[in-house]
Amino acid sequence: MKLFLLLSLLFVTSLPVNADTSLYERGKDLIEEKDYEKALKAFELAAKTGDLDAMHAVGIMYIGGWGIEQNDKKGLEYIIKAANQSHLKAQYTLGAMYYLGIGVPLDFEKAFSWISLSANQGYLDAQHNLAEMYENGKGVKKNLEKAYEYYLSAARKGNLDSQKKVAEMYKEGIGTEKNIEKSEYWLKQIEESKVISQ
Numbered sequence: 001m002k003l004f005l006l007l008s009l010l011f012v013t014s015l016p017v018n019a020d021t022s023l024y025e026r027g028k029d030l031i032e033e034k035d036y037e038k039a040l041k042a043f044e045l046a047a048k049t050g051d052l053d054a055m056h057a058v059g060i061m062y063i064g065g066w067g068i069e070q071n072d073k074k075g076l077e078y079i080i081k082a083a084n085q086s087h088l089k090a091q092y093t094l095g096a097m098y099y100l101g102i103g104v105p106l107d108f109e110k111a112f113s114w115i116s117l118s119a120n121q122g123y124l125d126a127q128h129n130l131a132e133m134y135e136n137g138k139g140v141k142k143n144l145e146k147a148y149e150y151y152l153s154a155a156r157k158g159n160l161d162s163q164k165k166v167a168e169m170y171k172e173g174i175g176t177e178k179n180i181e182k183s184e185y186w187l188k189q190i191e192e193s194k195v196i197s198q
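Each residue of the sequence shown is one higher than the one before, counting from 1 in the numbering used here.
There may be inaccurate statements among the hints.
[Stated by the list, open to error] As a list, the in silico EDC-like pairs of lysine to aspartate or glutamate whose alpha-carbon atoms are at most 20 angstroms apart: (1) 138 with 181; (2) 171 with 132; (3) 74 with 44; (4) 38 with 69; (5) 157 with 109; (6) 110 with 135; (7) 194 with 177; (8) 182 with 168; (9) 146 with 192; (10) 141 with 109; (11) 73 with 107; (12) 171 with 149; (13) 164 with 177; (14) 142 with 177; (15) 142 with 184; (16) 142 with 168; (17) 171 with 191; (18) 81 with 44; (19) 34 with 44; (20) 182 with 161; (21) 194 with 184; (22) 171 with 145; (23) 138 with 161; (24) 146 with 177; (25) 157 with 184; (26) 171 with 184; (27) 157 with 145; (28) 48 with 29; (29) 48 with 33; (30) 188 with 172; (31) 141 with 107; (32) 41 with 29; (33) 73 with 44.
I should point out that these hints are in silico values taken from the structure, not numbers from a laboratory.
I would like the entire structure built from these sequences, with the hints used as guidance.
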């Protein structure tokens, strides 16, 4: 299902977050070198100092079994600790775990709650996935207008999947008034993005 990336991709995308501790930065370097055991140690030391990015990274490493025996429970502890301190990627990860039933019971309402927190802080992937939850009625009452709003927010920030959805919604009049001109505008944005990325 396209709603959530694999948790391993969450780990990779979580690395370039602003964190100014040298231990966290060293952990990122060690990940690039594929020295997961040493990376885990660096992240754990940084997490002990309160570094939320490091807490998230440690949680993902335990969940993924990188540099350590796979342990959803221990990974979840780190993710929850960072999420409870408003770390937007940890909130998103925790929502994904509830959505997929990884380390926790499957619970779409809790998934929606955590993903909402992340989306409302501006996390792009969370905004797109929250829109999907509104569109499909997963964890929340189906609301196509809200789905449109979150897709549009993510589309404006460059999320290609959201741009496709906004174009489709304008074309079909789903969650917003039908508007072929705006649909074509978003399709053009997608094409321009493809040209730039080549």
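Could you grab the alpha-carbon distance between residue 142 and residue 177 and see if it respects the 20 angstroms cut-off?
-> Within the cut-off at roughly 18 angstroms; holds.
Is the hinted pair residue 110 and residue 135 satisfied, with a Cα-Cα distance of at most 20 angstroms?
-> 17 angstroms, holds
Assess, step by step, whether the Cα of residue 48 is no farther than 20 angstroms from the Cα of residue 29, and give holds or violated.
-> Roughly 19 angstroms between the alpha carbons, so the hint for residue 48 and residue 29 holds.
Satisfaction of hint between residue 161 and residue 138, Cα-Cα up to 20 angstroms = 18 angstroms, holds
Residue 194 paired with residue 177 [C-alpha distance capped at 20 angstroms] = 27 angstroms, violated
Does the alpha-carbon distance linking residue 171 and residue 132 stay inside the 20 angstroms limit?
-> At roughly 18 angstroms apart (the allowed maximum being 20 angstroms), residue 132 and residue 171 satisfy the hint.
20 angstroms limit on alpha-carbon distance, applied to hinted pair residue 73 and residue 107 = 16 angstroms, holds
Holds or violated: are the alpha carbons of residue 141 and residue 109 at most 20 angstroms from each other?
-> It holds: about 10 angstroms lies between the C-alpha atoms, which stays within 20 angstroms.
Quickly compare the C-alpha distance for residue 171 and residue 184 to 20 angstroms and report which way the hint goes.
-> Within the cut-off at roughly 8 angstroms; holds.
Between residue 34 and residue 44, is the straight-line Cα distance small enough, at 20 angstroms or below?
-> Judged against 20 angstroms, a Cα distance of about 17 angstroms means the pair holds.
Straight-line Cα separation of residue 171 and residue 145 no greater than 20 angstroms?
-> Roughly 15 angstroms between the alpha carbons, so the hint for residue 171 and residue 145 holds.
Given pair status - residue 181, residue 138, alpha carbons within 20 angstroms = 31 angstroms, violated
Checked against the numbered hints given earlier, the structure breaks hints 1, 5, 7, 9, 15 and 29 and satisfies all the rest.
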